[in-house]
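Generate the whole structure from the sequences, applying the supplied hints.
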Amino acid sequence: MMMTIEPASFIPIYEQIKTEIKSRISLGALRPNEQLPSIRDLAGELVVNPNTVARAYRDLEQEGFITTRKGKACFVAGDSTALIGREKQRLLGEVFKRAIGEAGKYGFSDEEMQQAFEESLKANRGKNRGEGK
Amino acid sequence: MTEILKIKALGKSFGRRRVFSDLSLSLEAGRVYGLLGRNGEGKTTLIRILLGVIPADQGEVFYKGRKVGFDSASHKQEIGYIPEDSFFFGGMRVGELLNFNAAFYRSWDGRRAAELLKRFSLDPRARIRTLSRGMKLQLEMAVALAAKPEFLILDDPTSGLDVPTRYDFLENIVRELADAGTTVFFATHLVHELERIVEHVFILDGGRLVVDKDYHLLKDSTRRLRLSFESPPPEKLGLGGVLSERRDGRRVELVVYPWSEEAQAGAQRLSPLHMEIEPVSLEDIFRSFVAG
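So the protein lines, in turn, are chains B and F.
Just so we're aligned: the first sequence equals residues 1 to 133 in this note's numbering.
Just so we're aligned: the second sequence equals residues 1 to 292 in this note's numbering.
Treat the hints as calculated values from the structure; they're not laboratory data.
This structure is a prediction, so every number in the text was calculated from the model and none was measured.
Take the hints with a grain of salt, since some may be wrong.
Claimed, not checked - Using 25 Å as the maximum straight-line C-alpha spacing, the simulated DSS-like pairs for lysine-lysine come out as follows:
id : chain 1 : residue 1 : chain 2 : residue 2
1  : B       : K18       : F       : K219
2  : F       : K219      : B       : K105
3  : B       : K97       : F       : K136
To be verified - Examples of chain B residues lying across from chain F (beta carbon under 8 Å, computed):
id : residue
4  : R40
5  : A43
6  : V47
7  : N51
What the hints assert, rightly or not - Residues from chain B shown here face chain F by an in silico Cβ test under 8 Å; the list is partial:
id : residue
8  : M3
9  : P7
10 : F10
11 : P12
12 : Q16
13 : G28
14 : A29
15 : I39
16 : A77
All C-beta atoms, glycine included, are put in the ideal place defined by N, C-alpha and C.
Next up, the structure:
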């Protein structure tokens, strides 16, 4: 599984792995009932401690995104769709929370942020139309 | 959790130079420990004492509850050791070296040795002196891992190697961890790479352990604080736990450990115009602890 980990980040490695797997599930790159790489293989590929991968898998299982079957193998949960809907909503909330926090550092008001957001949306629509040609 | 190694009140001097004194630590089986310290702080000396290669002046070392000392042989059966520089006889062939080492270890696995050579693309007929540094490290690793060690000691083995070779090395250590649950004690100054696998951090400075802490707890309890004031702040800020401090006129940058709500309230009481609180990488934590 192609994935990039930033070990020095303030986000713990197991959190980074969880986020990557959730985003793959929500984008459909990992489908319900699809098998995940083994802890050994993913740890080897990412060059991180296998205990860290095990922790990420354990958390994802507790949250209901994946299931463990046949002893050790992990699979994407068959009923992960509803969970993913909520997860996407949560991720969207986080994206804006981060952006608002950053903008707050420069002292912008709510009105200024809202205006900038709408302008960015408009610019993005224009860009997409341009690319569609 | 089972304790695999314990050190009690260890002291060592070379002539008049004291390397460390009253050094104590404990390692649990199956975890990855990182040992950080500037050059000359005694990382290699500590490792040589653990291995029983040199004697300590004071203190005791216990391996799985049994006291081991200078010249003890039994615990070496279970310990794999990968040093910074290899001590191989250059005239030997790769295969000869493996046969030579096989005789020393009860747990030596010949099939595993052959597999490792194949994985590393090492030719058993090659003379050791013709190998590159990266290949010599792989040979060190093959020798250490073929004996199926329960405890692996790495003394900065990847320094001076290029980035891809260092990652190949780490990847093999990761696979070993996954397959065998080996305990790892890793002395290094390549902190960024250590951060991929480490679970517990030791920092050796000025002859004592200034950090002996779970990696996540260490990161969670260290913060960088950027403060800016209306006018240059007083010489003494009166904040506790300041590891390092940099000043530039009205701005101050601090690394604080242990970080807490009280520490934050203390900073707030200085009434800065602006305050930023950031997490700190292990590399910066290391630098802050050994600064000055």
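Looking back at the numbered hints, which does the structure fail to meet, lowest number first? 3, 8, 12, 13, 14 and 16
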